[in-house]
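K.L.:
Chain by chain, the residues run as shown.
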Amino acid sequence: MRVALFATCLADQFFADACADTVRLLRHLGVDVDFPEGQTCCGQPAHNSGHAPEARRMARHTLGVFRDAEHVVLPSGSCAGMIRCHYPEIEDSEAARDLSARTWELSEFLVKVLEVETLGHGLEGKTIAYHHGCHALRELRVEAEPTTLLRGAGAEIVEWEADQECCGFGGLFSTKLPEVSAAMADRKLDSLPDVDFVTSADGGCLLQLSGRAGKLEQPTRFRHLASVLWEGVTG
Amino acid sequence: MSGRDGILTRIRDALREREAADHPGTFESWRTPAVAGSALDRFEAVFTVAGGEVVRLPNPAAATAWMTQFGGEYSSATLGTTLPAELSPDLPQIDADRAELGVSMARGAVAETGSLLLDARDGRRTQLLAPTHVVFVHAEDIHVTLLEALNELSSDLPSAIGLHSGPSKSADIGQILVKGVHGPGRIIAGIIAAEAPTDHAEDT
Amino acid sequence: MTTPNPGGYRAAAARTLRDEPDVSASVASATRTFDGHRTRAYAEIDAERWRDWARDVKTHTLTHLDRYLEQAEERLTANGVHVHWAGKASDVHHILQKIVARHGIARAVKGKSMLSEELGVNEELERLGVAVRETDLGEYIIQLLGEPPSHIVGPAIHKSLDDCRRLFHERLGTALDAEPDTLAAAARAALRQEFLDADLGISGGNFLAADSGTVALIENEGNIRLSTSLPDVHVALVGIEKVVPRMEDLAGFLQLTARAATGQPIGNFVSLIQGPRGADETDGPREVHVVLVDNGRTTLLADETGWEALRCVRCGACLNICPVYRQTGGHAYGWTYSGPIGAILAPGMLGLAEAQPLPQASSLCGACADVCPVRIPIPKLLHHWRESAVNDGLAPASEGFGMKLYASLAERPGAFGAAGSMLRLTPWRAMGSALPVLGGWVQERNAPQPSPKSFRRLWKEGIE
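Residue numbers (the numbering used here), protein chains in the order written: chain A, 8 to 242; chain B, 99 to 302; chain C, 36 to 499.
Don't take every hint at face value.
With a straight-line Cα cutoff of 27 Å, these simulated DSSO-like cross-link-like pairs (lysine-lysine) come out [as the list claims (entries may be wrong)]: (1) A:133 to A:222; (2) C:133 to A:183; (3) A:119 to A:133; (4) C:415 to C:439; (5) A:183 to A:222; (6) C:133 to C:123; (7) A:222 to C:488; (8) C:123 to A:183.
Pulled a few chain A residues facing chain C out of the computed Cβ check, cut under 10 Å [what the hints assert, rightly or not]: (9) 54; (10) 67; (11) 172; (12) 192.
Bear in mind the hints are in silico, worked out from the structure with no lab data behind them. For clarity, every value in this text was computed on a predicted model and none was experimentally measured. Every residue, glycine too, gets a C-beta built ideally from N, C-alpha and C.
Please model the entire structure based on the sequences and the hints provided.
P.N.:
Okay, here's the thing in structure tokens:
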């Protein structure tokens, strides 16, 4: 099986190691990984803020880049959601519907397509709080997959009452309405149980929570799901 | 253009290109497995969770006896105009706004919502003003669903029907539940079963 | 009705967060409680089917709205009700003026009605010399405080028990440490005489059944039953979108709305009002008026996408789950309707420019769409209004330029990569004041640390 990796603009710059771990993880599971170098941005920032022509330009570009891929895998729930749920709206075309059907967030690809649930023992003894990013949860309906994989590698997922509440990132929302955005992050951080680290499938969420925690001088560690899953393999 | 014409014209203009949609049909309370037991059991379960009280009266004589005994605690009452004499407590009747006890005759009840159906013809003031409200209803007038109840009501509608499903309550003060804010703080449903057509052991 | 001021949202929200932590705490606690009740109540039923049904009835009704309003008018008139049509708030005021003048109205009691807030009814009645008393306990509290409601169902959720204790001590003479029961009893006593003395009762309308001419009202306190039963004249203000085709449709809506709003199988008191007191009745109003109100609803109906917001049954479920609303409560939104529903009604009813930035006051998390009893696709509508704002030139020019530049780069991978490298070198804190985007970030958070090498670079170097 071959997949094309869509690293996403945000992870390319801020979670490069997580992207590399995504490659390692997929290869370990017997999947060949292509990285079409024409990839740039899925267009979500433009789409969410109502700039439709720009969103369409980026969607068309992305459609072209991944036209021939059998599966497209992303270390990002929100970008996968953009392609799967919104590309067919932006571009009412066969190409868009076709790509939509071949696009996966990493953890759901592992569980649903590769049918993998146990990666190894690498997370044994680790306590983790899982943050469910809104797009992964509500657009892709990815809910059990990340925690199944984490537990499958030996981790304990600690109960967190706010785990499915929005972290306050929301793309440009975080900078347009920073006070409310920060208050939403504070709600997440204040209710966090004592864990080794927090993980999530979305880089934007991780930047929001870690950025806020850092400002408040909270020592909580935040790690990208792809890297944590790779640790599940390697220990 | 008059208000009416203006509004209707704007609506028609707005809908000119809009695809019309069909009515999906009658509501059916589709739900997970229903509470076991009779309509009466179900009514009691829902009504009491909402803070209401239920008294089961096996026959009209028992209802009379209960009302006499219950009414003994009060010094004044207001009575529904359709309340039969045998269900009326023997208390001085005064204006509803000063009476301690209100007694009404319900038109029916609804099991699935735990609601008593109060007809305006029985008297709204009696249904609303006294702090304690007793409502009699015949067991055979308990509808299983709200739909059935509404269908029965619609054949003979007064100026107003009140569906009373519990005591007056509010959580507006710091999210803490309080009762009897404006309407009755205590509501008791007296459910009267029909006289059982069995052998009368005491017949001479 | 204070003049709508959605434009003040960011400043008002920031002020609430900074200066009124008790408000945030009270709102968070109340909304969580409501949402918990709703979750349980939905779980008891086949919520997916109920919600599909409700969406479909409302959609059918809205696409035949003129027909159903005409039918409702015909039935209501046959029932002896005076039916009025009001295009806007001033029309409602004129109708009230005539009623007040004809009957010499001096005192009015009101049940909770968001529409009456929207229309500025209290101010108008007071201007006409009518003493208006809000009778819903939460509305009574905010009336004493001189504040607008903070939430559709619980107007005073931003006030704590201690706030209420202080208020009632001042105004009703209760002890400063009085228990809630005592406070409620004091309110009951104070309002009892108002109900008895009022010449006019005002209500809203949760639903209007067209085939029977029935105004349906849902509550828990009994104040609406009292307000619509004791005074000689009853005026019901009903938004045109509140009509449903059949009385039997109320079987679904009364139950679903109660479950969505407070988690109850039904409100403790439901009024089904057909008209004035009958010849065989000893009490009830002698005169009933229903005012069918537009006030921007037809403008919203005309919007190909935005019209879906008119399905709203005002349950407040979207407010209760919204992580943005929960931080501040409703006042920050500067309008009668707040939270997710406020953000999708305002552009249609107030106009898009006036409604800014409400459609932006969302992270598009989607929680609201998961709970709406009539399945309004709120995130889709928020997105629609954002797109409309850009098309109408309401987005900041810098944002438009930025997006165009970004899209141009995104079409040219080489340039995109190069720009990315430059981004990594940007001193966010220093640039923050020059670029609002960065400034907004560093105001509340540490700047993110770019990876030492981009993934593109790592790939080129080979992943082991």
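K.L.:
Given the hinted pair residue 222 of chain A and residue 488 of chain C, is their Cα-Cα distance within 27 Å?
P.N.:
The given pair, whose Cα atoms are some 24 Å apart, holds under the 27 Å limit.
K.L.:
Within a Cα-Cα threshold of 27 Å, do residue 119 of chain A and residue 133 of chain A meet the stated pairing?
P.N.:
25 Å, holds
K.L.:
Just to be careful: measuring from the Cβ of residue 172 of chain A to every Cβ in chain C, is the smallest value less than 10 Å?
P.N.:
Interface hint status for residue 172 of chain A: holds (5 Å vs cutoff 10 Å).
K.L.:
Should the interface hint for residue 54 of chain A be scored as holding, given a Cβ-Cβ cut-off of 10 Å against chain C?
P.N.:
Holds, about 8 Å.
K.L.:
Against the 27 Å threshold, does the CA-CA distance of residue 133 of chain C and residue 183 of chain A hold or violate the hint?
P.N.:
Violated. Residue 133 of chain C to residue 183 of chain A sits at ~47 Å, over the 27 Å cutoff.
K.L.:
Does the interface hint hold: is residue 67 of chain A within less than 10 Å of chain C, judged Cβ to Cβ?
P.N.:
The hint holds - residue 67 of chain A has a Cβ within 10 Å of chain C, the shortest such distance being about 8 Å.
K.L.:
Are the Cα positions of residue 415 of chain C and residue 439 of chain C separated by 27 Å at most?
P.N.:
OK: residue 415 of chain C and residue 439 of chain C at ~23 Å, within 27 Å.
K.L.:
Does residue 133 of chain C pair with residue 123 of chain C here, judged by a C-alpha cut-off of 27 Å?
P.N.:
Answer holds: residue 133 of chain C to residue 123 of chain C is near 16 Å, not above 27 Å.
K.L.:
A closest beta-carbon separation below 10 Å is what the hint needs, so does residue 192 of chain A meet it against chain C?
P.N.:
8 Å, holds
K.L.:
Can you confirm whether the C-alpha distance between residue 183 of chain A and residue 222 of chain A stays at or below 27 Å?
P.N.:
Roughly 18 Å separates the two Cα atoms, so the pair holds.
K.L.:
Are residue 123 of chain C and residue 183 of chain A close enough, with their CA atoms no more than 27 Å apart?
P.N.:
33 Å, violated
K.L.:
Measure nothing beyond the straight line between the CA atoms of residue 133 of chain A and residue 222 of chain A; if it is 27 Å or shorter, mark the hint as holding.
P.N.:
26 Å, holds
Hints 2 and 8 from the list above are not met by this structure, while the remaining hints are.
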